[in-house]
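A.B. asks: Residue strings, one per chain:
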Amino acid sequence: MDDAVIVGAEIVAGHDGSAELLVRLRHPDGSEGPVVLDEETGLKLMEACAAGSLDDLKGQSWRRIVETG
Amino acid sequence: MFDVIVKGGLVVDGTGAPAFTGDVAVKDGRIAAVGKVEGEARQVVDAAGRVVAPGFIDPHTHFDVQLLWDGAARPALEHGVTTIVPGNCSLSLAPLKAADRRRVVGMFQQIEEMPPEAFTTAFEWSWEDFAGYVAAIRKGLSINVAPLVGHSVIRLWVMGNASQERAATPDEIAAMQDLLRECLDAGAVGLSTSFVDVDENGRPVPSRFAQFEELDALCAVLGEYGRMLQCVPEFYATDITIARIDQLAELSLKHNIPTTFSPLFDTAAVPDNAPRAIARVEEHFARGARVWPQMQTRPIDISFSLLRPSLFFARLPRWVRILRQPLDERLAALRDPETADKMVADLGPDGGEQMMGRLVVRGGDAAPSELVGKTLSEIAAARGEVPARALINLSLEHGLDVAFLSASQGHQLTDRIGPMLAHPLVHIGASDGGAHLASFATYGDTGYLFSEFVRKGRYLSLEKAVAKVTSETADIWGLKDRGRLAEGLAADIVVFDADNIDRGAELPSFDMPGDGMRYVRAARGVDTVLVNGEVAYSSGAYTQSRSGVICA
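First to last, the sequence lines map onto chains A and B. Counting along the first sequence from 1, when you hit position 34 you're at 34 in the UniProt record's numbering, and nothing is skipped either side. Counting along the second sequence from 1, when you hit position 188 you're at 188 in the UniProt record's numbering, and nothing is skipped either side.
Treat the hints as calculated values from the structure; they're not laboratory data. Backbone N, C-alpha and C define an ideal beta-carbon position, used for all residues, glycine too. Treat the hints with caution; some may be incorrect.
[As the list claims (entries may be wrong)] Computed Cβ-Cβ distance ranges for the label pairs, DEER-style:
#1 Ala50/A <-> Asp336/B: 47 to 55 Å
#2 Glu47/A <-> Asp328/B: 43 to 51 Å
#3 Ser61/A <-> Asn256/B: 45 to 53 Å
#4 Val7/A <-> Ala279/B: 45 to 53 Å
#5 Glu47/A <-> Asp341/B: 48 to 56 Å
#6 Gly140/B <-> Val7/A: 31 to 39 Å
#7 Glu397/B <-> Glu47/A: 28 to 36 Å
#8 Asp328/B <-> Glu32/A: 40 to 48 Å
#9 Arg335/B <-> Gly69/A: 50 to 58 Å
#10 Asp2/A <-> Glu124/B: 53 to 61 Å
#11 Gly69/A <-> Asp341/B: 13 to 21 Å
#12 Gly52/A <-> Gln544/B: 55 to 63 Å
#13 Ser61/A <-> Glu224/B: 42 to 50 Å
So here's chain A without its partners, still in its complex pose (with noise of 0.2 Å):
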C-alpha cells in the first residue's frame, strides 16, 4: 500500500501560544491537505526524519509519524 508523502511544512501559531508543526500531505489518490502537530510531537516527527530543518521532512513517508508515538 501507497504511504502518504510529507510535501511540505511550516510551524505556526498553535492557539495555546506555542509553536506548531504544520505538515502538508500528499495522499496516495493525489490529493493534498494539512495536518498539525503540536510541539513535542512536532519535534519528535523531525527527530524520527532525522530532520535537522523543515526542509528535510519533504519527501519523507508519513508513516514516519508512528513512530513518535
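Could you slot chain B onto chain A? The hints should help.
C.D. replies: Here is chain B on its own, set in the frame of chain A:
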C-alpha cells in the same frame, strides 16, 4: 426615583441601530427607560462624550476556578464584559465526585496553567453536583455567569476510569443523559465537548472517547431545553473541521439546538481554512441548522524559552539539535564559545536581526524587570551584541528561564480577519479568558475589536461591533434578559470612550493563589461598568458590588 441614570451619552443600544444621544435609567436592577429621561436618581453617571452600550458577553472562557475567589473574573469585568460563559472545551468543575477531583485538576492545570495552590488554598471544595458549584460561586459574583457543563466531567462521573478508555454502554449513556438534565435544571446553559484537548499526561480527555451515539443522545437532552452544544474542533485541519461542522449541523437539525465551535483561526499557512469553514457554515444555515463559528479578535503569539525545545527554531538545524539535548548538555553546549559562535553564524550576516530582532522579553520569569517589554534588538544593541548572541547569553545568565514572545504569528491579518468578523454568521468569541495563564493574556479582546477593526480598519461600524458582542451573542446563546439597552431588560451597561477603548500591554502579574503568575492586559477607555444595575467598576477601580447572577 431611579436608582441610576447614565446621562447624556451616545447610546448604542446593542441592536445595531444608529447611535443617538440620550440617557439610560435603571431601577431595581433593570433598565427603566432609554432616551430623554426625566426624573431624579440616587446616582448619576455622567456619560457626556462617551458611548453607553449593553455590557459585553464573552461566550468562551475558563473562569470556572477563578470565580471561586474572584467574582469579577478580573480583569474581564474592567474590559466591559458583564457576562461570561465558563465551562468550555468539555471541562467544568461540576458534576465532580470528590474522589475524581485530582484527575480533573490535572486537566484544568493543563488547559488553564493554574498553579496547584489555586485548588488547595483558594477555596473550600464543598460540592459535587452542578447545583452545589453554582451555589458556591453565586454568593460572590460581581459578573454574570452563564455556565456550560463539560462532557468530560459528565462522562467521568458516570464511567470513572473507563471514561478515558472506551465507548459508553447504553446504560451509561442513559445515566449521562439523566445527569445532563440535572445540570441543565441547576443552571447550565449547555454542554461543551472537545475533540482536541488532552490531560496533564497527554491523554485525550474523556469526551474524546465518546462515539457519535453518545453525543447524539446528549444532544437529545439539550433539545429538550433548547440549549447549546459547544465543541473544540481540530485546528487548521480544514477537511476535518468541515466534517465536524457537518456533524454539528446534523445534531442541530435533528434536535433543534444551537451549536458553536471554537476557535476558528485564520492562518497564512492554510489560507483557505477559515473561508472554507465559513462557506460550509453558510450552507448549513441555509438548511436551517445553527452552527456558529467562534472567531477571536486578537492575533496569536508564539512564546518560548530555551528551557524547552521549541519549533520556533525549526529552520535552524544546529539550534534544534542543541536545544533538544537534556538540560545539562544543552547548557554545556550553549556555554561552549565555539558552539555558540556557530549558532550565531547560522543566522547569517545580520546576526539574527531579521528572525529574532523583534522578539520581546516577556517577564514573569527570571528576566530582569528592566528588560521586560524590550525587543531583543534593543537589548542586543545595549549589550553590544547581535540578537542571536544576546538571546543565548541573556538566557544563560538567568538559567535559561527567560521567555521571549514572537508577536502576531497567526490570525494576525486585519484585512482578512476584519471582513470575517463582520460576517453575519461569524460569532465573535473564543477569548479563552482565564486559560493559558502563563502563556499569554486572554483579556481585552473586546477592546481590540474596537481599536483594530472599528477605529483602525473600519470593518465594522461602532453599532455593528457592539451588536456582535451583545445582542447577537445573547440571541445565539438564548440569554433572553441580556444584550440590549431596552426597557425591562437587565441593566448590564458599559460606558466607554470610543476613541480610546483598547486592550493594554501584556504584563506579568503575580495575583494568582500562591503568588502564581499570569499574563494580563488592563482595560483602556472603559469608564464605568454596571452589572444588574449596580456600578461594579468605575474610574479604574472595582467596587464592592456583588450584583452578578447566574443567568440563563
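A.B. asks: Holds or violated: 31 to 39 Å for the Cβ distance of Gly140/B and Val7/A?
C.D. replies: Once the Cβ atoms are compared, 54 Å apart, the range 31 to 39 Å for Val7/A and Gly140/B is violated.
A.B. asks: Between Gly52/A and Gln544/B, is the Cβ distance one that fits in 55 to 63 Å?
C.D. replies: holds (59 Å)
A.B. asks: State, for the Cβ atoms of Val7/A and Ala279/B, whether the hinted interval 45 to 53 Å holds or is violated.
C.D. replies: Distance hint for Val7/A, Ala279/B is violated at roughly 25 Å.
A.B. asks: With respect to the beta-carbon atoms only, verify the hint that Gly69/A and Asp341/B lie 13 to 21 Å apart.
C.D. replies: violated (37 Å)
A.B. asks: Evaluate the given range 28 to 36 Å for the C-beta pair formed by Glu397/B and Glu47/A.
C.D. replies: This hint holds: roughly 29 Å between Cβ atoms.
A.B. asks: Take a look at whether the Cβ-Cβ distance between Asp328/B and Glu32/A falls inside 40 to 48 Å.
C.D. replies: holds (42 Å)
A.B. asks: Using the Cβ atoms, figure out if Ser61/A sits within 42 to 50 Å of Glu224/B.
C.D. replies: At roughly 49 Å between Cβ atoms, Glu224/B and Ser61/A fall inside 42 to 50 Å, so the hint holds.
A.B. asks: Looking only at beta-carbon atoms, does the pair Asp2/A, Glu124/B fall within the given range of 53 to 61 Å?
C.D. replies: holds (60 Å)
A.B. asks: If I claimed the Cβ atoms of Ser61/A and Asn256/B lie 45 to 53 Å apart, would that claim hold in this structure?
C.D. replies: Cβ of Ser61/A to Cβ of Asn256/B: about 46 Å, so the range 45 to 53 Å holds.
A.B. asks: I want to verify a distance hint. Is the separation of the beta carbons of Ala50/A and Asp336/B within 47 to 55 Å?
C.D. replies: violated (23 Å)
A.B. asks: For the range 48 to 56 Å, tell me whether the beta carbons of Glu47/A and Asp341/B fit it or not.
C.D. replies: violated (25 Å)
A.B. asks: With respect to the beta-carbon atoms only, verify the hint that Arg335/B and Gly69/A lie 50 to 58 Å apart.
C.D. replies: violated (34 Å)
When the structure is compared with the earlier hints, violations turn up for hints 1, 2, 4, 5, 6, 9, 11 and for no others.
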